[in-house]
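The listed protein sequences derive, respectively, from chains A and B.
Just so it is clear: in the first sequence, position 61 is 61 by the working numbering, and no numbers are missing.
Just so it is clear: in the second sequence, position 293 is 293 by the working numbering, and no numbers are missing.
In case anyone wonders, no lab produced these hints; they're calculated from the structure.
Note that the structure is predicted; figures quoted are calculated from it, not measured.
Treat the hints with care, as some may be off.
Capping the alpha-carbon separation at 20 Å, the derived lysine to aspartate or glutamate pairs in EDC-like fashion look like this [stated by the list, open to error]:
1. B:Lys50 to B:Glu143
2. A:Lys221 to A:Glu244
3. A:Lys127 to A:Asp114
4. B:Lys7 to A:Asp128
5. B:Lys7 to A:Glu92
6. B:Lys264 to A:Glu71
7. A:Lys138 to B:Glu250
8. A:Lys217 to A:Glu297
9. B:Lys99 to B:Glu112
10. B:Lys52 to B:Glu143
11. B:Lys138 to B:Glu70
12. B:Lys7 to A:Asp88
13. B:Lys69 to B:Glu143
14. A:Lys267 to A:Glu218
15. A:Lys131 to B:Glu19
16. A:Lys127 to A:Glu115
17. A:Lys111 to A:Glu181
18. A:Lys259 to A:Glu280
19. A:Lys238 to A:Glu280
20. A:Lys131 to B:Glu250
21. A:Lys138 to A:Glu124
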Amino acid sequence: MIDVIDLTKRFKQKEVVRQVNMYLEKGEIVGLLGPNGAGKSTTISMISSLIPPTSGDVRLKNESIIKNPSEIRKILGVVPQEIALYTDLTAEENLQFFGKVYKLPNHLLKKKVDEVLEQIGLTERRKDIVKTFSGGMKRRLNIGIALMHDPEIIIMDEPTVGIDPQSRNYILETVKRLNQEKQMTVLYTSHYMEEVEFLCNRIYIMDQGSIIASGTKEEIKNILSSENTILIKVSQVKDEFLQELYHEPLINRVMVQEKEISIIVPKEVNIFKTLLAFAEKTNTEIHAVEVKAPSLEDVFLHLTGRALRD
Amino acid sequence: MILTFVKKQLLLMLRNRQELLVLLGMPLVLISILGFALQGAMDNDVPVVKAKVAWIEHSNEKEDLSLFKEEIEKSPIPKEQLEEILISITELQPVYHLKELLLSEELREHIELVEKDVNDLNNVKNDDEFSAIIEIPKLFSYELLNYIFLNRGERPFINVYKNEGKEISASIVEEVLHSYQTQSSLYTIIGKNGLTENMPYNNIDIQGTIDTVTNKKPLSAMMYYSVGMCVMFVLFVASSIATYTFRERELHVFDRIILGNVSKWSYFFGNYISAIIISFIQIMILYGVSALVYGIYWPNIMAFIVVSLCICLAVGGMAALLTAINFRLNSLMLTSFFGSVLIFVFSFVGGSFFPAGELSPVIQLLGNLTPNGSGMTAYLKILQGYGIRDIMDSLIFLCSFSACMLILAVISFPKRGKAI
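All chains, full assembly: derive it from the sequences and hints.
Pasting the structure below:
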């Protein structure tokens, strides 16, 4: 449905997106995963025809959208990372305004507003001024606006940033429902690994302007098929212990989160004796050692050497 | 689409109390304060403004008095009464006393009296330097004495012409004349008590027919400040619209509009038209309230609407240019500067606070080059009874100003991609 070919964007001398290639098939949910500053937003701005690429092309049904952006705009809904709403208008007035921007005829407008309010669960609050809404409700309305013209494709740029878990779940369920009920194609960007794992059929991992991995969840996790992730729970993370881990050549990666240390080691290596020796040497008390199935987070760590939310 | 933008913009402004306060509340409060304060404090405030007054006498007062003496001595008035009248008229020299008053030490700071020949009247009328002309008609004192002491003939009038372009300084002359009239009436009453009860006479009550140089209606302080504040505060619509559009861009609402396949020019002109319509509504509300509360009515509604539309076009042009520059610079800096400094500078030189044009010809010129100053001149002329033809210069300036702003805005507005 959409093919992204060697997409590059340079701002002055800085290349923020570098030869990105990707595709979206009709009816699938594709995740674009990467830390802040990876180039996700710039990439989706180019895909949605908001900014022209420095080089490369985006093709919709084999037609370049660079030359003719109006075609993709007709079938595309974009949910920006920001709350792109008029907060002094009511939810209903916002939907009506954008419905008119999308050139919905008057006889359809009211019906569509009712339908979208129902979809995003804001029917009861339709007459309320948006600035009185919670963060989660604003996010839902932000999505609702992108649904006003029944788009075939929806691009969501980190739609759950800064909201409570309940609202986040509601949004994720809404996205899943839209995909299942309306066969809507979704490009979902996030730096929350669990959201992408929950929603997406295929995933692109982006870092420093480039796609560093892509495939289904399983394919990506198989990148780590030759390695194990071992979780070590300690009473106190000591620098001496960490230094020993960092300097051990059998350990590929080390990541620390509070009192948990994750290490990635080749599958054939038995690291337990070494760990116990380090603990004894540095007087570190180990509470538990657990071998984990690799997660996307582990893959990202493996590929970039950094955690997603660094 | 443009109506959609206008409706949205109106809703946003109606919901913003601070905006409403600036666009409607502040000007109404200032019209009331300045209008009343200037009327009340005129005597205290005028020293800063000096009125140059032309004095034109058609006859000599001493000759008038001699003529009156000759006639009264021949009349069959009892000798005792005749003597009292003769004593009184030596004191009663209305023209002399008025001139003496205008040249007095107290008024020298405020009034510069320049004697002119009768033949110069038309030239003086066309000379913008003069705030007023005092014209003493032929045989004025003779006819006045006849009217007072013998009850003969009509009461004569002094003609006073006000320069409508110098409202405040001309008002000083008007005030002085009213004050003189009151004092003279008292003086006559005192004189009357010295006369016999049977003597028929009228109070002196020197009447001046006060007129503007071009025979147009003089302006009150309330009229002046209704116009002054309106043309000042209408400029805030430009900065408000420019601020809203910049916020739309910051919040990516502009992106959403563009993604709705709305061209950036539809958006651009939608905001231009919104600024025109909103400023027109603002003007109508302000003048509507001025009419209801202060009784300021427009003698020529058509001319009033034409001027209002031209000012709104200029405001629309400014809103478009500010929007374009905000987008170009990716900053609200210029709009903030416009709203917090430039509007007040424009208002000062344009004469919204007081007729600054009277201070110097340079300020007058600069004032006429501002949309508010030009609009103000046009409005004040309409209030004085001028027609559309008389304000054509201002209308052409305002339309040209709007066109220039719009062209600059179109040139400045970023091309595709850069605007996002």
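For each hint, the structure was consulted:
| no. | hint | verdict |
| --- | --- | --- |
| 1 | B:Lys50 to B:Glu143 | violated (32 Å) |
| 2 | A:Lys221 to A:Glu244 | violated (28 Å) |
| 3 | A:Lys127 to A:Asp114 | holds (12 Å) |
| 4 | B:Lys7 to A:Asp128 | holds (18 Å) |
| 5 | B:Lys7 to A:Glu92 | holds (14 Å) |
| 6 | B:Lys264 to A:Glu71 | holds (17 Å) |
| 7 | A:Lys138 to B:Glu250 | holds (17 Å) |
| 8 | A:Lys217 to A:Glu297 | holds (11 Å) |
| 9 | B:Lys99 to B:Glu112 | holds (11 Å) |
| 10 | B:Lys52 to B:Glu143 | violated (28 Å) |
| 11 | B:Lys138 to B:Glu70 | holds (18 Å) |
| 12 | B:Lys7 to A:Asp88 | holds (13 Å) |
| 13 | B:Lys69 to B:Glu143 | holds (12 Å) |
| 14 | A:Lys267 to A:Glu218 | holds (18 Å) |
| 15 | A:Lys131 to B:Glu19 | holds (17 Å) |
| 16 | A:Lys127 to A:Glu115 | holds (15 Å) |
| 17 | A:Lys111 to A:Glu181 | holds (19 Å) |
| 18 | A:Lys259 to A:Glu280 | holds (17 Å) |
| 19 | A:Lys238 to A:Glu280 | holds (12 Å) |
| 20 | A:Lys131 to B:Glu250 | holds (17 Å) |
| 21 | A:Lys138 to A:Glu124 | holds (14 Å) |
Checked against the numbered hints listed earlier, the structure breaks hints 1, 2, 10; every other hint is satisfied.
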